Amino acid sequence: GQQVMQIPQYQHVQEGEDFTTYCNSSTTLSNIQWYKQRPGGHPVFLIQLVKSGEVKKQKRLTFQFGEAKKNSSLHITATQTTDVGTYFCADHNNAGNMLTFGGGTRLMVKP
Amino acid sequence: DVKVTQSSRYLVKRTGEKVFLECVQDMDHENMFWYRQDPGLGLRLIYFSYDVKMKEKGDIPEGYSVSREKKERFSLILESASTNQTSMYLCASSLSEYEQYFGPGTRLTVT
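Line by line, the protein sequences give chains A and B. Here the first sequence is numbered in my numbering, starting from 1 and rising by one per residue. Here the second sequence is numbered in my numbering, starting from 1001 and rising by one per residue.
Don't take every hint at face value.
Unchecked claim - Simulated crosslink set (DSSO-like; lysine-lysine; CA at most 30 Å straight-line):
1. Lys1003/B x Lys59/A
2. Lys57/A x Lys70/A
3. Lys70/A x Lys1057/B
4. Lys1055/B x Lys36/A
5. Lys51/A x Lys1057/B
6. Lys1057/B x Lys36/A
7. Lys1003/B x Lys56/A
What the hints assert, rightly or not - For the chain A half of the interface with chain B, some residues (derived, Cβ under 7 Å), not all of them:
8. Pro39
9. His42
10. Pro43
11. Phe45
12. Phe101
13. Gly104
To be verified - Distance ranges between label pairs, derived from CB positions:
14. Tyr10/A x Glu1072/B: 35 to 41 Å
15. Glu15/A x Leu1041/B: 25 to 31 Å
16. Glu1017/B x Thr82/A: 37 to 43 Å
In case anyone wonders, no lab produced these hints; they're calculated from the structure. Since we're looking at a predicted model, the values are computed, not measured. Glycine included, C-beta positions come from ideal geometry on N, C-alpha and C.
With the sequences and hints as input, model every part of the structure.
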């Protein structure tokens, strides 16, 4: 079935450093959703990208969808300890009702 | 706010027991999902339901069944629990192709 690969699996950064997680697929992605899961919590929706080349920003977070719709990235500028958690990308199936999740990137921020 | 609740946060069962995990959502969402989350494997879809009494298998349905008798409630059943079903189980609901709302999760330990 469809596979969504996410890298890196883990990332340690010093507070104030930037962070990027990448989501890749060998097939064209339908649309991409990004979720954040805090330690001990559940995934919470961040954003959805639909169009080729789309870029969306939420404060210090920048989300991009590749031109060929085969990859996506989430970039956090100047990380803070509140950014700690696991970030997941997920792709919709063609019917639009099921998500395939990437393995997630666990971000740890040293104060 | 959408609320998705799960019947237990923590559950300990013995091998061979029948286990019921229940999920309730209060936003009239047509889609409901059951995932399991294991370290390094991300979220894997077990089953989902797009309407009352309707269900579809996800990526890892073996050893599980589901029931959706009412729109707001989606149950996951482990007919005969095994140790390899020890995991975090997450329920989610959504409207069509929009974001999924997750419950707090049930950490199931099978001994």
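Exercise. Does the structure keep lysine 1003/B and lysine 56/A at a Cα separation of 30 Å or less?
Worked result: Distance ~27 Å between lysine 1003/B and lysine 56/A Cα, so the pair holds.
Exercise. Should the hint that phenylalanine 101/A touches chain B count as held when the rule is a Cβ pair under 7 Å?
Worked result: holds (4 Å)
Problem set entry | Per-residue hint verdict: proline 43/A, partner chain B, C-beta under 7 Å | holds (5 Å)
Exercise. Given the proposed pairing of lysine 1057/B with lysine 36/A, does the C-alpha separation stay at or below 30 Å?
Worked result: holds (25 Å)
For this session: Assess, step by step, whether the Cα of lysine 57/A is no farther than 30 Å from the Cα of lysine 70/A, and give holds or violated.
Result: Roughly 20 Å between the alpha carbons, so the hint for lysine 57/A and lysine 70/A holds.
Exercise. Does proline 39/A pass the interface hint, meaning its C-beta sits closer than 7 Å to a C-beta of chain B?
Worked result: violated (12 Å)
Problem set entry | Hinted pair lysine 1003/B and lysine 59/A, Cα distance within 30 Å | Between lysine 1003/B and lysine 59/A the Cα gap is close to 26 Å, so the pair holds against 30 Å.
Exercise. Does lysine 70/A pair with lysine 1057/B here, judged by a C-alpha cut-off of 30 Å?
Worked result: Given that 30 Å is the threshold and the Cα spacing comes to 25 Å, the pair holds.
Problem set entry | Interface restraint verdict for phenylalanine 45/A against chain B (beta-carbon cut-off 7 Å) | Given a least distance of 4 Å, the restraint on phenylalanine 45/A holds.
Exercise. Taking 35 to 41 Å as the hint, is the beta-carbon distance of tyrosine 10/A and glutamate 1072/B inside that range?
Worked result: holds (37 Å)
For this session: Check the following: the C-beta atoms of glutamate 15/A and leucine 1041/B are separated by a distance inside 25 to 31 Å.
Result: holds (29 Å)
For this session: Assess, step by step, whether the Cα of lysine 51/A is no farther than 30 Å from the Cα of lysine 1057/B, and give holds or violated.
Result: Given pair lysine 51/A, lysine 1057/B holds - Cα atoms ~29 Å apart, limit 30 Å.
Violated hints amount to a single one, hint 8; each of the other numbered hints is respected by the structure.
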